[in-house]
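Participant: Chains A, B and C are the protein sequences, given in the same order. Residue 430, in our numbering, is where the first sequence stops; the numbers in between run on with no holes. Residue 264, in our numbering, is where the second sequence stops; the numbers in between run on with no holes. Residue 1049, in our numbering, is where the third sequence stops; the numbers in between run on with no holes.
To be clear, the hints were calculated from the coordinates, so they are not data collected in a lab.
Some residues of chain B that are not near chain A, with every Cβ distance over 12 Å (derived): (1) S47; (2) E49; (3) E76; (4) H78; (5) Y80; (6) S87; (7) A199; (8) E206; (9) E221; (10) V227; (11) C232; (12) K233; (13) G246; (14) R253; (15) V257; (16) I258.
Covered stretches of chain A, as calculated for chain B (at least 3 residues, CB under 8 Å): (17) 253-265; (18) 283-289.
Note that this is a predicted model, so its numbers are computed, not measured. Just so it is clear, CB atoms sit at the ideal spot from N, CA and C, and this is done for glycine as well.
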Amino acid sequence: MVDITSAGAPTRKPFVMRYPSVAIFLAILSLFTICVTVLGEGFGIGVVSTSFIKTLGKTLCLCLAALAMDLVWGYTGILSLGHMAFFGIGGYAIGMWLMYARTEVIVRESLSAAALPPTPQEISDGIATQIFGVVGASEFPPVWALAHSLPLQMAAIVIVPGLLALVFGWLAFRSRVTGVYLSILTQAMTLALSLYLFQNDSGLRGNNGLSGLQNLPGLEAVPQSQISILFFWASALALGLGYLLCAWVVSGKFGSVMRAIRDDESRVRFLGYSVEAYKLFVFSFTAVICGIAGALYYPQAGIINPAEVAPIASIYLAVWVAIGGRGRLYGAVIGAAFVSLLSTWFTGGQAPDVSLGFFTIQWVDWWTILLGLSFVAVTLFAPKGIGGLIDRFTEHRSPERHGADLGPDAGALREKEALE
Amino acid sequence: MSNLLEVSGVSVSFDGFKAINNLTFQIGSTEMRAVIGPNGAGKTTFMDILTGKTKPDEGHVYWGDKPVSLLSMSESQIARAGVGRKFQRPTVFEDQSVQENLMLALKNNRGPLAVLRFHPSRRDHEQVAKLADEIGLAKVMSRKAGELSHGQKQWLEIGMLLAQDPRLLLVDEPAAGMTPAEREHTTEILVEAAKTRAVVVVEHDMEFVRRLNCKVTVLHEGSVLAEGSLDHVTRNEKVIEVYLGR
Amino acid sequence: MLFMIQRALLLLIILMAPTLVSAQSADAPIQLILQSHSEAIVKSSRKTIGPAIDALAQSGLPEAQVVLERWQAKEMWVNKESGLFVFAVKANGGLQTFDVSDNSETGIADKKTFKQLKPNSGIRSMIAAALVQFQLNDPIPENRQTALTAIERDAQPSHLIALRGSLEGEEDPAIRLRKTRLERLLTIRFDEDEAARISAIEGFDGDLSVEVRAALNPLIATEIQVGEVVPEGSIPVEVGSDELTESQAYSFLVENELAPATVSPQAVKETLIANIEGTAVAGIQVATLDDVAARETAYKLLAQQGLADPLVTNAQKAAEIEKHQFFRTYVGASLPVALAAQAALDNIETQVALNRTADLILDALSLGSIYFLAAIGLAITFGVMGVINMAHGEFIMMGAYTGYVVQLFIPDFTISILVAIPSAFLVTFSAGVAMERLVIRWLYHRPLETLLATFGVSIALQQLAKNIFGTQARPLTAPAWLDGSFVINDIVSISYIRIAIFVLALIFLALFLFVMNRTRMGLEVRAVTQNPRMAASMGINPDKINMLTFGFGSGIAGIAGVAIGLYAKVTSEMGSDYIVQSFMTVVVGGVGNIWGTLLGATMVGTLQKGIEWLNPSNTLAAQTYMILFIILFIQFRPRGIIALKGRAAEV
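Chain A with its partners taken away, still in its complex shape (with noise of 0.2 Å):
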């Protein structure tokens, strides 16, 4: 949490100095970074494999997410599960793009045989086949018109995202749509869109998705090693600088009005403050956010697919900062970092089977289980979660908040004798 100085005197210190929590974890942030990179093979020693750079930072990609998550859940009371949807967007986005290019290198060199030098239209062709031959088609759908310009397919990993919340944040925000009707709604639209991406017609090859994006057109000469990290480094430099921009957003007065919509949002329209605007600026916000970790996260997982878009995706992000912690921004990333390197560790089949002498216990099968019942857990017995635990060794300490609410519904740190 961070810590605004009550006594008021203007002067104004650096931001960073001001929240010392911001800064410790940039420089926790940097210092893993360099580790990374020096354990790593691209650029270091080696002794990290590529692959597992991969998935650190794909990790650091999703703890993105989760501080978007944090921002519109945790410190605005929005419980939206539909933020992995726009996450999707931004893969699709930039997917769409380097499959482009990719293919596109692929289909000159073979046309560049040919007796003729191609047309355009032979090149387009090609490509086009090549991109939607599995789903039976041979043209490009409308929606592939800007694939072939990376700046206009960067502006749509922003854009995209960004109309989408908007409009569908207008539709729902502007009709009073709040609590868990709103979180039904939101899980209603990521589900639409699944099943929208799902139909071959969709223009996004299907259930196929976009594959290969691991492959930087351009960039053939460069090994995975190296590209890994580099991705490593642009993930981690996203993390940093949202991290920055999302403490920047919640210390100040934007911070408090955003607290005081969760805690009481028809107080907060008494005051005088258009809460619905309010609403719409963190839900699109956060969905950009979320784009741009989307756009980092796909080329280095390689493939996209309608499943990544599923509605569960979004509850598992729900899950990350709920575990981590919600209402402060470090433990929204702790808890997409725990849960996620934790689920690839069980679901890779790393962790050891537990015999129990008449069973035993595989984790590849039984990681959900003891994921769901440990979330069930958190949410009675530690409802900070693990950012719960930090607290114990820093000074400043939140209220005793007795497991209240932290959502609209019913308005934070109740007091009982106002409601006997």
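We have chain A already, so just place chains B and C on it with the hints.
Facilitator: Just chains B and C, lined up with the frame of chain A:
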């Protein structure tokens, strides 16, 4: 004296029950008014209509020097237009410090982008400090509002209301749960406020109303039963019947 | 050995006999017919046999049936010398022969003097078709029915006459009706007389059956044709419309050899490649030929040199198209018949559309009742108690798996379903109570945390089911009496299982209303949800009531699981297929009102079916658009169809 607020012929019903029935009400720009009435007279619904929480089925609510209708405005627009409301139960942001609560209420640009770039000026800090002093919370500025006593929360809410600098103050039972000394202080603040703005106080406590020494409107079954000085309305037979005849 | 010699002698005597005995009726009418087609019959080729079979079938001779039957059974032989046909069966190494005209025995003959006719399967089926007309008059009613079925399946023009002939003598009223109807249908298809066809067509006005439409449809077949003028009765076709694009029109002209063929870009390319000389084509550098315009310029140069066919320009194409008139002509029948058929079909289509709508409504209702079943448990836990249970779908799944396990132990499907329903209720009731006690009770009034905690339970239960039952779908078989459909006509029908689900939904509605409004428990539930403190002070134990209510809602989800399992597959993920739709149903209907849930389910079901009808190939799209529609709907009625108003709504 020109009227700041004009309510005419307003009715609202919930599932057939008429909570407000053809209500007409005016208040000047610097006037104190007490609204009294038995339970269920429609006092809270009346305030809900003024603040935009409830939309009436019929009638008009005009506001300001160049009258505009409040009915087409949202809650936040009405609040920005200068209507401040204090709730019966203190509703302050308990997870935030007294300082933050006051800063949140302080009259400033409410737009998201302006708030994002907002940095409190020296004047803002002074104003907050002055308000905190007035409501007796200067020593607990950095404490979370949730840690305050019930009475302190009442004060904080009054402070937030004043920080908004509204042209019309709607105050719902401000003295509930206060010590006599605090009531005295509350009265002073309200009377002081009424010199520069309109104040509507909803109150059960006749003693408190008497101390406010202002015009009184009696509500009953959603419409105005009587209006005038306290002595005038307490002599009114219908009022006596409503209050005692039950 | 001795025996063998005796046999040989006997044979010799017999062989001598027939030549004497065979006072063959060589001039019998049937034999004459056979003789006149003798060559074709002996040659036995499918291509040439037609006239022979027709001649026999249409001879009107009663013995023709026997001839055809025995021919089909490979029992007809031909005398190699005289060319006369006989029936014969092998007997004692010789051949027992019969006369073709009256089937009388004509003695035993030497096999070598006769040749067996072996019609192949193609010919045999042609014979079978010809035989149908005889079977139409068969004294056994079943055979007549069989013959009618055969005609319906593969009608021939000859059947029309046979059918008409057999109408008179038909005494069985049901068969007579069937014959009359079939005769009308065949009249439409085969009658030469236009007036008769038209009157038959008009007789079927408004008939919905598939065979009428099948008979009428070929009559209105049209074809685009091209000519100088549009003939009478043809419909002009605009070039450039969706019906006929310009390129289609031009290729049509090319097909009819009315215009020169176009040169495709591919052909341009190949011609250019073929004419490359060094690094240039027609004097143009190959390296510059990287766009269409450059290639066309080079090609034109080649064409000028006579090395290629000339390129047809767009202007030329347009001019060619301009010269011709395109029109649609009826090709299935003559104009009056086609028009009558068109009119009758139009009329039928209206009827069909009405009936389709009815069928669609039935479909929508049955889908709606499935959603209602899935959602009614939620209407209790979410609608009445305000507890959001993301594991609701997993309770449905548990119910379905309970049904599956019960069927493993009880093989009789009727009994097993009767056992499965209460067991599913018990299992999910217990699960619901356990969950309420262990999790939800601690989270009342914290809906977002309830959502996440129950979601945790949901993923754990889903994985547990996967670990126990595997990932493949498990069957939950309906009893035999639920198989099949209730058929109203060729368009409107509904399967019994859907009717059963519909009835079950109604029963649940009644049960819910009864429990909530007429029982002590319902009263206590309403009291606790409206004001727990007050209820507690009146001696109601809110803990117990909450627990039981939650259990009740979960139990109903279990029963819904059995019903849904009968209709869809049982997998560990089936719950998540329904959870979003179920919440939508409750939210759209209006939380806290069972009638709202009913309306919501009907609306969601109707919507989904309606969208599927608009875009039948794509159920995924239907779901996508339905969800989008619901999101928009909530804009206009945020509190659902049936909304609580005033202060009650703010609780």
